[in-house]
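S.K.: What follows is the residue order along each chain.
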Amino acid sequence: MSQTFRCGDSQHTVALKLRGDEFSGEVDGEPVEGHLEQFGEGLYEIDVGSGAVQVHVVRDGRRTWVHCRGQAWELERVAATRSGEPEVASDQLLSPITGKLVELRVAAGDSVAKGDTLAIMEAMKMEHRLRAPRDGAVTQVTATAPGGQVRERELVVELEAE
Amino acid sequence: MRRVLVANRGEIACRVIRGCRELGLATIAVYSEPDANAPHVRLADEAVALGSAEPVESYLNAKKIISAARSSRADAIHPGYGFLSENGDFAAAVEEAGLIFIGPSAETIRQMGDKSAAKLLMQVADVPVIPGQDGIVEDNFATVAEKIGFPLLVKAAAGGGGKGMRVVEDADGLEAAVEAARHEAEAAFGDGRLLLERYINRPRHIEVQILADNKGHTVHLGERECSVQRRHQKVIEEAPSPALTPDLREQMGAVAVAAAKAVGYRNAGTVEFLFQDGEFWFLEMNTRLQVEHGVTELVYGVDLVKWQLRIAAGEPLTLRQEDIAPRGHAIECRVYAEDPARNFLPSPGRIRRLREPAGPGIRIDSGIVEGLEIGSDYDPLLAKLLAHDATRADALDRMAQALRDYVILGPTTNIAHLAALLRHDAFRAGELDTHFIETHFADWAPRALPLEALVTAGATRSGSGRPPTTAAGRDPWSPWGGQSGWRQGV
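So the sequence lines, in the order shown, correspond to chains A and B.
Sequential numbering from 3 applies to the first sequence in the working numbering.
Sequential numbering from 168 applies to the second sequence in the working numbering.
Some hints could be false.
Using 30 Å as the maximum straight-line C-alpha spacing, the simulated BS3-like pairs for lysine-lysine come out as follows [as the list claims (entries may be wrong)]: (1) B:K473 to B:K428; (2) B:K231 to A:K102; (3) B:K230 to A:K127; (4) B:K473 to B:K382; (5) A:K127 to B:K231; (6) A:K102 to B:K230.
Facing chain B, from chain A, some residues (calculated, C-beta under 10 Å) [said to hold, decoys possible]: (7) F25; (8) G31; (9) E32; (10) V60; (11) Q94; (12) G101.
Rather than coming from a laboratory, the hints here were simulated on the basis of the structure.
By construction, the Cβ of each residue, glycine as well, lies at the ideal position given by its N, Cα and C atoms.
Given the sequences, and given the hints that come with them, work out the whole structure.
M.R.: Okay, here's the thing in structure tokens:
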């Protein structure tokens, strides 16, 4: 029984047994044991052998946020795979942000040259341009009309496979 | 002056509302739809809805704001920073409506808002300016650019805050830069006019705070060093600047006061300079309260917001230049909802947990509370963390500790990046310029997830509720099997 978390580009598998305030198990295949105590709502003190530290944890569905040693991370619980995160094909251009689609300059069937601005997005007053990574033909564009919202990692433009 | 409408949102609206309350003034907040439950709305005595999230329908809508002031019987409007704070037409409309605009006159705002006209005015007042084309460049960008030489800076005549600004390294990049700057300037200010000027390659950004009353009594409150920037927006500010000697401070202060007097300045304002190798040039004057005003307040022991209110109410400025002296060192970190590891992309989301640092010499100007949804409609500034101590080194240590204690879960923030900036040897040594982040932190990545964080995440169940101390099931020690209490992987 274990859980796998994705954090940015890396993936970690955690399997633990708890006995009172003591825990033991494996993290990424390495044995781990120590002391874990809850102090309040989502606040823990943990010692894995290198001194006690405080950890804040909030969970919502598949997402977990943790704060520890002055830094915060967002984790997503995923089904365990051997190779980590699925690779995004280089011909799919995803929105780097959640924000407004200001302008969509191409339609399916258009030919684009490397460096062309394909779409302009805006969030928090900053403009983000999606540029063609190479020459190619557009096979598909987002169904969102300019003025509408696009989510982070949502497909905006797809280029024909090379 | 009894009732003040605060025409802004976020931390600055909260800051201004608190200042008003301390002086016994009633406060009226305004808000857009997504801000209906925002802290500034709760903090004010009254609040008036403006409209949808779009700034033009809310915080940039002068008509709606003035009509909100009328309906709420406000007699003065504080514009905060950004939005309408440097809009001369707005200041004029406020006064035409019979209300007090808490800031300089509409004419001063217009004079300083037009960057090319301001530069000419400053030249006349013997304020040193950056070499460049005098006035708006309408066409023949290439010819003007050749004359000034590369690298050069394309910037919006109506600009500020880095919007509508592009550095051009050579002639090939000119056309694209002009197009991008114009597009951004039109979007941000509704004014796409552009200026070209020499690009100073390794400048510090140092600015001088001034205060002036209605009678023209003008003082400066020293400088702020604001060189640590990303995408032309400030990230860390401090006072005093590690680059200035008392002599230079006095010189720059005197120039700033002369600049303010040249336009008959009234209220709080900031004269921004580029500084390199002991030389300094006028950059622009911000005719409003600055985001980073807090470091000046800590070091000089003044309350700039209260002075703004008092001056607007017609009171004389009782500070005398000879009595104004800095005490210790203050530093401010701007906490943004953005991801420094991904080119500072904005990171909206709900504030899932908020634990603020505290202690001697710590100040937080915050616009957030736990549970607040950070949208993508406005600037990603969440809060400003300030630390004050006897020396620069002490203030940096105090700040480092406060950053470690600052817990914001939900949106990705730049807190760990700020801590890394502070730890850098060049920062500790005060060796700063406006390229500090791109020079030293181009490949910055957050530390890998520590084991403690992973184990705790793996040991807590959904909802973050109960301690993992009770287990049930066949094995009394196994957390896996139970119907109640803690379960794995839910």
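S.K.: Hint by hint, note whether the structure agrees.
M.R.: Evaluated hints:
1. Between K473 of chain B and K428 of chain B the alpha-carbon distance is near 21 Å, which keeps this suggested pair within the 30 Å criterion.
2. Of the supplied pair hints, the one linking K231 of chain B and K102 of chain A holds, its CA atoms being roughly 24 Å apart against a limit of 30 Å.
3. Distance check on the hinted pair: K230 of chain B and K127 of chain A sit about 22 Å apart at the alpha-carbon level, within 30 Å; holds.
4. For a cut-off of 30 Å, the pair hint linking K473 of chain B to K382 of chain B stands: about 18 Å separates their Cα positions.
5. For the suggested pair K127 of chain A and K231 of chain B, the alpha carbons sit about 21 Å apart, so the restraint of at most 30 Å is met.
6. Between K102 of chain A and K230 of chain B, the direct Cα distance comes to roughly 25 Å. Compliance with the 30 Å bound is thereby established for this hinted pair.
7. Taking 10 Å as the C-beta contact cut-off toward chain B, the hint placing F25 of chain A at the interface holds, the least distance being around 6 Å.
8. Using the Cβ-Cβ criterion of 10 Å, the hint placing G31 of chain A at the interface with chain B is not satisfied: the shortest such distance is roughly 13 Å.
9. Evaluation of the E32 of chain A hint against chain B yields a held restraint, the C-beta minimum of about 9 Å falling below 10 Å.
10. Interface restraint check: V60 of chain A against chain B, minimum CB-CB distance 4 Å, threshold 10 Å, status holds.
11. Because the closest C-beta pair between Q94 of chain A and chain B is about 17 Å apart, greater than 10 Å, the hint is violated.
12. About 5 Å separates the beta-carbon of G101 of chain A from the nearest beta-carbon of chain B, less than 10 Å, and the hint is met.
Hint compliance for this structure: hints 8, 11 are not met, and every other hint is.
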